[in-house]
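Undergrad: As a plain string of letters, each chain reads:
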Amino acid sequence: MEQRTVTGRAMRAMPLAGLLTGCGGVQSALDPAGFEAEQVARLFWAMLIASGVIWVLVLGLASYAARRRGQPWSQQGASRLIVWAGAVVPTLLLAVLLFYGLRLMPELRAPGGPLRVHVEGEQFWWRVRYHPPGGAPVESANALVLPVGQRVEFSLSTRDVIHSFWVPALGGKMDMIPGRTNRLVLEPTRTGEFRGACAELCGASHALMAFTVRVVEPAEFEAWLAREAAPAAAVEPAAQAGEAAFLANGCGACHSVRGTAARGDIGPDLTHLASRPTIGAGILENSAENRAAFIARVDQIKPSARMPAYGTLPETEIAAIAAWLGTLR
Amino acid sequence: MPDSEDAARRKAQEARLEKTWETPSGWRYWSAVNNTEVGLWYTATSFLFFLFAGALALLVRAQLAVPDNDLISASLYNQAFTLHGTAMMFLFAVPIFEAVAILLLPTMLAARDLPFPRLSAYGYWCFLIGGVFVMGSIFFNAAPDAGWFMYPPLTTDPKLTGIGADIWLLGLSFIEVASIAAAVELIVGVLKCRPPGMRINTMPLYCWYVLIVGGMILFAFPPLIAGDILFELERLAGWPFFDASRGGDPVLWQHLFWIFGHPEVYIVFLPSIALLAMIVPTFARRPIIGYSWIVLAAVGTGFLSFGLWVHHMFTTGLPAISLGFFSAASEAVAIPTGVQIFVFVATMLAGKMTRSTPMLFAAGALAIFVFGGLTGVMVAIAPFDWQAHDSYFVVAHLHYVLIGGMVLPLFAGAYYYYPLIMARKLSDRIGRLVFWLMFLGFNIAFFPMHFTGLRGMPRRVFTYPGGIGWDWLNLISSAGAVLFAAGVLLFTWDAIWGIRRRADSPRNPWGAGTLEWLNPIPGPDYGVRSVPAIASRYPLWDDPELPRRVDEGREYLPDAEEGKRETLVTSVLDARPIQCLRVPGNSFMPMIAAVLTGAVFILTTFHLYWTGLAFGVAAILSILAWLWRGTAMVPEKHEKDIGRGVRLPLYASGIRSVGWWAMFITMTGDMTAFASLVFSYFYFWTIHPVFPPLDAAGLPMGPGLLWPGVALLAALGAWGAMLWARARNTAGQAGGLRLGLLAAVLLALASGGAMLMGPWANGLEPTTHAYPAAVWVLLGWAALHLAVGVIMTLYALARSLAGKLTREHDIDIHNVVLYWHFAAITAVVTLATVALFPLLA
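Protein sequence lines, in the order shown, are assigned to chains A and B. Its first residue numbered 0, the first sequence is counted upward by one per residue in numbering that gives the first Met the number 0. Its first residue numbered 0, the second sequence is counted upward by one per residue in numbering that gives the first Met the number 0.
The set of hints was computed from the structure by calculation and includes no laboratory data. Among the clues, some could well be false.
Derived list of chain A stretches under chain B, where covered just means 3 residues or more per stretch with a C-beta under 8 angstroms from a C-beta of chain B [to be verified]:
no.: 1; region: 51–62
no.: 2; region: 68–75
no.: 3; region: 84–90
no.: 4; region: 190–201
no.: 5; region: 235–248
Not close to chain B: a few residues of chain A, all C-beta gaps over 12 angstroms, as computed [said to hold, decoys possible]:
no.: 6; residue: 134
no.: 7; residue: 150
no.: 8; residue: 209
no.: 9; residue: 253
no.: 10; residue: 308
All C-beta atoms, glycine included, are put in the ideal place defined by N, C-alpha and C.
With these hints in hand, go ahead and build the complete structure from the sequences.
TA: The following block contains the structure:
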């Protein structure tokens, strides 16, 4: 099976000492790059420190109680401990925490815009449609590009089973549930490359349903969106055989490549596949070999995916399709 | 009386008790129904399921030890973690509570047995059959693979999930029935089978917890059973309760599942705390401090646990107001939990602690559980949960809570109670090693997961890519899991083989104060020699002469003159003796009935409906035969001398009988299931702007008013006929009784028929939309209750004709009328909901 790799900043294996406190990673809620993630990470560290103090106090008291030699506490003193340490102090602490924690909610879920992005979960990939203010919708899949410093409004839905949309570095997750459209607002606060994943068990390849997120400057985003909206570039002569094979084998029944005869709506839009860092919904590096492998053995690479494996095609034909897909920038 | 004569008389009494309560030998051993045998089988079986589920966890950890691992397939991985969660919850955590309670409760109450020994045995055999069926499926690659929470539509679509989903639904429904049966048994045991004088505020804390948890099972399991019914109807018949494209909603299942699932957490946690509540005072050498506090806190936890379920659904897009409310409720449950913990700490501070292996496990439990509680406080805050939910942070949290709050206290209990059950102590030396292996292994495995989760690793993934910060954390977790497993295996070795080389434990080896330590070790089959009157919470500390008086047969019920198994029934609050209850003896009937019931569920799984129906009829007949020969027995005399000059009746009916209480408690659970179905109906009302939906002609769908009206009148008539029949019987008119029963049967059949005619005549097609499906399921439920009422009424008629139901011996008619009260309420509420509510809406 292919070595699954992930683009973005590769994490170096850390020494043991840094292990428990290290927080980095392209998919880490503790290395925040979004407004919500920052707020929640701060909340987490505060709660963790408070919890540590409480844990030490409770366990300290218990271990004192177990080792104590000498006069036992009076019934009255012990009862007072139950009331104060068991009921009164926890009530006060929890009230403070609740006040602070819930106060975050309205701000985190305040409306975003003007850019809206619709993401639809599919077994096992992400259908993405950008709705820029005043512009026509732009179709994409499995690779998000977002402008830094803007609150982006996501609408999330699904037609098959429940999925959950999660980019830990930017904010919390939100489920995609058949029959409903949920909303989520993410506000990236720094540029970089991140990774998101499906967080709700959705079938055999739930683990293989990820996506990449690239946060860029607003101007770069506008330029990218304009490119993404355009049809596929004219075919280089060398790749024409690949396009012909793609169409002849019926790939266009499921996939769209705008600017060609492929207008399918069942699988991911491939118009600008070559500009995405990964294929197969965030699981394989976007290389010619991996594209060919995916076409030939998708049933092994991604169990229960709806795409049939095309391993029976001549290898040259598969290679040609993979090469042509590599030209779709 | 001279001493020698007295001694001879005592020997004769002992011989009679011995013979009456003797455990059968050879193959007949499996016909035993006494709590000591059934409790032992139950405990051993659930522990075996624990080991099996643990092995599955090791498989999961082996797969996740390194990134991009292809040790096992995605399909097998999904089956493994689904069965791990399912088995730990349904086949270990809940059953072992019931098993241990069946084993310990009679000893704590100085009772000879629980009131319904054959029901315990039936529950055990159901549990064994259902458990083997569900767990065995993994060897045929047919196990459920969609998580223990089974979210639709992944699980309702037969194209996406195979027979595993049916195995989960039907196998576990079967086990849930057994769990409810055990809960009924335990509640009645605590309420009615205490020794004379053990008032409800004197009983051991363990009994309080059994009572509370039994009650919670009664209100928590039925919503899941109702959900299972809707679920199976969708899978097998296409009724679209959870299908959004046909008016259903997958979120409804999430509500029903978590209304069960969250109390479930406390159902498994409280019984383990109950064990600590027995252990801590023993080693602190003093009574518990704050008896009322801990009881109130446990009751409060029980209540609150039913108001928290939505915190499992914080990411489903519910309105902020719901999130705020359920965040607050989830935080609130920390308070009674804190009180329970500090009751133990206070008791330790006010006593003189002695070191022991049980206390070592208790201390480890505290360290782990408190941390799990603190992370629980974190995930209860909705914004934090948006990040933590469905990540490895939650895996860490829930294992801290369950291993700290359930498994380690259970091991503490095992070390504490082993001498009582198996007559020998487990090794303290090996015990310390077991503890440190488990404690360190656990923390090495699960502490890193908090960070794995916040670094973005979702749960339930069969593989993960290398290089994004999860590699080392996962490898460490897998290593810790191996250590933990080594501790469990070492314990298992000591518990089975290690103890064989040791001598029997002395009587009351820990110097405890509660009644379960009253008996000599090993104890005789009949339990206590005589049933003492109790005046304090720690009778062995407060009355050192008690064991001698009990042993000499100077207390109640020292004999079995008629060779019948007898135990005392006392009043609910102040434990006044009110009846000498004859309990049925060993029988294969419970096993036969369980096999036949199990066959119904298993055959339905494989869509063999007609064979299943035939087995269903056979199961009902076997249960009727069992009831006929083993319940409401007419005694040969009215009352008997139970010693110390007290004479008690041998037969009691109505509110004084244990059967009446069992019926009442069972029907409370039944009403909870019904309420869940009604909830589902109104849930559809809340999500549809037009309700009921319009049919093709543009008119609101519905069952009409005519047939529901007829059904209502006939159901009320049947109920009235039952009341009349009971009154005739009390007046001594057997003819009137039989006439009333016959009238009730005919009216109930008419009512049930009219109920089903309503949607039928009005063309409600259940596969088209969730609304007609909800109407059908409610009316079907009510009609089924009338059908069960008909069977019970015919049974009462047959008992009357056989002379077993008379004016003096009227248990059957009282219990059947009690059933009819509930059936009538079910019918009235159903008909009002489906026929009248649409007029308002």
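Undergrad: For each hint, tell me whether it holds in the structure or not.
TA: For each hint, the structure was consulted:
Coverage of the region 51–62 of chain A by chain B holds [criterion: at least 3 residues with CB-CB distance below 8 angstroms; count 7]. Residues of the region 68–75 of chain A with a Cβ under 8 angstroms from some Cβ of chain B number 4, which satisfies the need for three, so the listed coverage holds. Counting residues of the region 84–90 of chain A whose CB lies closer than 8 angstroms to any CB of chain B gives 5, which reaches the minimum of 3, so the coverage claim holds. Counting residues of the region 190–201 of chain A whose CB lies closer than 8 angstroms to any CB of chain B gives 7, which reaches the minimum of 3, so the coverage claim holds.
Check result for the region 235–248 of chain A against chain B: violated, 0 residues qualifying (beta carbon to beta carbon below 8 angstroms, three or more required). Interface exclusion of residue 134 of chain A from chain B stands, the closest Cβ pair being 27 angstroms apart, more than 12 angstroms. In this structure residue 150 of chain A is separated from chain B by more than 12 angstroms, as the shortest Cβ-Cβ distance comes to about 16 angstroms. With a closest Cβ-Cβ approach of about 8 angstroms to chain B, residue 209 of chain A is found to fall inside the 12 angstroms limit, against its non-interface label.
The Cβ of residue 253 of chain A lies farther than 12 angstroms from every Cβ of chain B, with a closest approach of about 18 angstroms, so its non-interface assignment holds. Every Cβ of chain B is farther than 12 angstroms from the Cβ of residue 308 of chain A; the closest lies at roughly 16 angstroms, confirming the non-interface assignment.
Comparing the model with each numbered hint stated earlier shows that hints 5, 8 do not hold.
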